[in-house]
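**Q** Letter by letter, the chains look like this.
2 protein chains.
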Amino acid sequence: MVTEATAEDVDRAVRAAAAAAPALTDRGARSALLRTAAALLEEDAPHIVETADAETALGAPRLNGELARTAYQLRAFADVVDEGAFLDVIIDHADPGAGPVPRPDLRRYKIPLGVVAVYAASNFPLAFSVPGGDTASALAAGCPVVVKAHPGHPATSQLCAAILRRAAAQAGLPEDVVSVVHGFDAGVRLVSHPLVNAAGFTGSISGGRALYDAAAARPRPIPFHGELGSLNPVVVTPAAAAERAEQIGAGLAASFTLSSGQFCTKPGLVLAPAGEPGDRLVTALAEATTAAPAGVLLDARMRERFVAGVRERAALPGVTAPVEPGDGGENAVRAGFLTVAAARLTERGPHDLLTEECFGPVTVVVRYDTDEEVVCVLGRLAGNLTATVHIGDAEASDASAAALVARLTPLAGRVLVNGWPTGVAVAPAQHHGGPYPATTSTSTSVGATAIERWLRPVTYQDTPPALLPPELRDDNPMGIPRRVNGRAQG
Amino acid sequence: MVTEATAEDVDRAVRAAAAAAPALTDRGARSALLRTAAALLEEDAPHIVETADAETALGAPRLNGELARTAYQLRAFADVVDEGAFLDVIIDHADPGAGPVPRPDLRRYKIPLGVVAVYAASNFPLAFSVPGGDTASALAAGCPVVVKAHPGHPATSQLCAAILRRAAAQAGLPEDVVSVVHGFDAGVRLVSHPLVNAAGFTGSISGGRALYDAAAARPRPIPFHGELGSLNPVVVTPAAAAERAEQIGAGLAASFTLSSGQFCTKPGLVLAPAGEPGDRLVTALAEATTAAPAGVLLDARMRERFVAGVRERAALPGVTAPVEPGDGGENAVRAGFLTVAAARLTERGPHDLLTEECFGPVTVVVRYDTDEEVVCVLGRLAGNLTATVHIGDAEASDASAAALVARLTPLAGRVLVNGWPTGVAVAPAQHHGGPYPATTSTSTSVGATAIERWLRPVTYQDTPPALLPPELRDDNPMGIPRRVNGRAQG
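The listed protein sequences correspond, in order, to chains X and U.
The first sequence begins at 671 in our numbering and counts up one residue at a time.
The second sequence begins at 671 in our numbering and counts up one residue at a time.
Check the hints yourself; a few may be wrong.
As the list claims (entries may be wrong) - The calculated label-pair distances, taken between Cβ atoms and stated as ranges, are:
#1 695/U / 924/X: 35 to 45 Å
#2 1156/U / 946/X: 45 to 55 Å
#3 924/X / 845/U: 16 to 26 Å
#4 963/X / 752/U: 49 to 59 Å
#5 676/X / 917/U: 50 to 60 Å
#6 752/U / 729/X: 22 to 32 Å
#7 887/U / 1093/X: 31 to 41 Å
#8 673/U / 674/X: 20 to 30 Å
#9 1076/U / 855/X: 32 to 42 Å
#10 1157/U / 763/X: 22 to 32 Å
#11 961/U / 677/X: 52 to 62 Å
#12 764/U / 730/X: 25 to 35 Å
Unchecked claim - Not everything, but these chain X residues come out facing chain U in the computed CB check (under 10 Å):
#13 758
#14 768
#15 781
#16 854
#17 858
#18 1105
For the record, the hints were derived by calculation from the structure and aren't laboratory data.
Every value quoted in this text rests on a predicted model; they were computed, and no experiment measured them.
Ideal placement from N, C-alpha and C gives every residue a C-beta, glycine not left out.
Pulled out of the complex, with its shape left as it was, chain X reads as follows (with noise of 0.2 Å):
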């Protein structure tokens, strides 16, 4: 099994990992890194499987489709770095004759900041781990990691940190591009390390918190790119229920038990009109919870904390549970959801426990009688990674419609129509962040942009060309997409 990292053994990691850092400026070598790993993930994928489960019990099928995600993103993050315009290249030329002083020479263009720090999830032990998003956007921009274990999949990490390691020297990289290390002290030790110039963490907010307020707290400090916790809400309209209440009802609850409800991006708060279309949305949601298999967490920590969470929310005046979430019996949890008057959240009080997340399979259903309380209600939340509206057809053009999209923007990074929230495509125009708690930064961790959190820019000044970056060069021998005297170019 492994061991817990003691203070020499993460002193030596970050230093190894800062030694490897000039090999990464090599771009190819970067991308070929990405594919390398990408492709002995896959060629490996049994064994990893097999491993991931016995410590998360996640089951075979999540888990390949989670491998096939880790494996399409790290080959996503090889073509931003080949394609090149991350570096966000921007070139002025001099103009003696500018207003008010003459301009010199300018040539912008974005840097690697170094070692990251990358603290793995929970829940997802391939996609938001050792070789998950954070790791993957990091090597993309040229920063070694050094990743804090979850503590959950131990030998997992060391499965996939042996990969992303063969996969540097297969490059021609130092294997030490990647490291990992195992334990508490081990993670409070990283985010406070001199050489370590970033940071990534997926999981609670009381420990992300914790980190990030040590990040802040540094004699240098460094940026924190936390995701920490999100309800996220979803809305109901009259008419959509009126329209698709059946439909709303069992997509919903697929949407919650998802996972046995061990997403961030799982739907906590569920506004639904009151009356009888709203009734029927609950008859279905009842329905479909009922069915939900019981489901093991994916610890025994997690698995009380959710008991007690549920409990605690049931007893609440006016909480009822027509499908009661809780103990299932052998280490499994069984899926349920409560419901409660939008009244009762209106106004600061014991019920804003409902409006805090609780991992797991259970979510909350609001139900309102005015537009006025659903305002009063989202008003009240915190940020969010998403939030959703279902509408009914003939509001796909209607002005209230968009009024409530533009309602929910300010609580979310990402607003969804007649959708559900879990499952985060990996895609360009993804962003999987949100005002705080939800983020700690304005940053994503899935899609293109999250290369971003791990560079800086920089602006070479009247510099001789052969002194520039390739990448600066008016020649531009890489073929890099870039902004040359305001006009955007490739």
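We have chain X already, so just place chain U on it with the hints.
**A** Positioned in the frame of chain X, the structure of chain U alone reads:
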């Protein structure tokens, strides 16, 4: 005269700014505001310059130049708003056949963060104060601004705020998109106000760090873009000294004494070779520095700090003062410079003081014998806004000069060859920021990309066209440059 803002005053200003935010959604109104503000500043230039000169003693020529720069900057951000590339629009159409899973329709752009707190600088009463780059870029992004005025120029601040508010009214916007508060306590309250969503700062390390810490310690932390301090190292190669000792000495004197050394980009540490060419450089520097007139610093406290700072530095063993900086009589200070052997700086010790910024007309010339000494001294410096190298003619295509440029890059946000760092061109490729303490983030406070500080991305998934912001519709009614299905358009 102005009065210090009470807690209620600050709260009122922030709430009024937040209430004005929706009006700033209109990009046309934003660019009209910025252009009108530029015109009104120019119209009132004599009055503004007179007021600022009475408060700062910076002199009419410098202040007229600063006003021209400020107006240019406002118009440059209006151009940025009109073009729309800053919205970073990325559109991925739905792809049901995408691997590893079908892709929904995803459309991303950037939205304003909300109310921005701006902490004005002492040394630029216009360009980095009320009507300066932080305010201009925040308004361009669509964020209302509450400025904490610098106590060194309260009347100038009031005057400029009135002009900006008048410009807002003329552009059909609420005047409260800009307001000003005065007083130390007001500044502390501002960064902690729940409705403030980001902050920009230009000033000292101690003040900036205290506000940065307060921003990070909030229940909901906010981005804090602070420019705190910079030494701006310069390396003169032996070849450069041999070819242009006199020119470099005179250029250095002009740069470090400009505006009595009160620029954040003042070259504060110069690595010059030992031996005859370096001696000639020092002689030329001494002549030009001696010829510089005594100057008045921004306020009495700065003068005291400067006099004490240069005295403490000059008293270090091995430090000489070929032209002694210090008290110039009648509120003035004399420009001067110190010299020291590089060997004194290659290890930790009392001479570390020489690697800290000393605001005012002083620089430190460090005489080196070997390249190793240069590498060692550079390796001991904190982050900087700029780093400069002066090279000889033949070195413009020389591998060792290229290596030196590469070595300066990790130290700074702007690298210059054969130039002087004072004078920061307002241009798209400009980057005025650098590793901590130069900046508390990876952003710039000058140039088009300064707008990025006040935005966050949001993605719409499967959203009907009529419910989307016009910037994200397929017909692109506003003609905004964007990336669609991986390809740049427009």
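**Q** Now look at each hint and say whether the structure bears it out.
**A** Outcome of the hint check:
1. 695/U / 924/X: 35 to 45 Å: Since the Cβ atoms of residue 695/U and residue 924/X sit about 36 Å apart, the hinted range of 35 to 45 Å holds.
2. 1156/U / 946/X: 45 to 55 Å: holds (46 Å)
3. 924/X / 845/U: 16 to 26 Å: violated (51 Å)
4. 963/X / 752/U: 49 to 59 Å: holds (57 Å)
5. 676/X / 917/U: 50 to 60 Å: holds (55 Å)
6. 752/U / 729/X: 22 to 32 Å: Violated - the Cβ-Cβ distance for residue 752/U and residue 729/X, about 53 Å, lies outside 22 to 32 Å.
7. 887/U / 1093/X: 31 to 41 Å: Given a distance of about 36 Å, which is inside 31 to 41 Å, the answer is holds.
8. 673/U / 674/X: 20 to 30 Å: With Cβ atoms ~58 Å apart, the hint is violated.
9. 1076/U / 855/X: 32 to 42 Å: holds (36 Å)
10. 1157/U / 763/X: 22 to 32 Å: Roughly 26 Å apart at Cβ, these two residues keep to the hinted range, so it holds.
11. 961/U / 677/X: 52 to 62 Å: holds (56 Å)
12. 764/U / 730/X: 25 to 35 Å: holds (29 Å)
13. 758: Interface hint status for residue 758/X: holds (8 Å vs cutoff 10 Å).
14. 768: Status holds, d = 8 Å.
15. 781: Holds. Min distance 7 Å.
16. 854: Since the shortest Cβ distance to chain U is 22 Å, the answer is violated.
17. 858: Residue 858/X check fails; min Cβ-Cβ to chain U is 17 Å, beyond 10 Å.
18. 1105: holds (8 Å)
In terms of the numbered hints stated before, the structure departs from hints 3, 6, 8, 16, 17, listed from lowest to highest.
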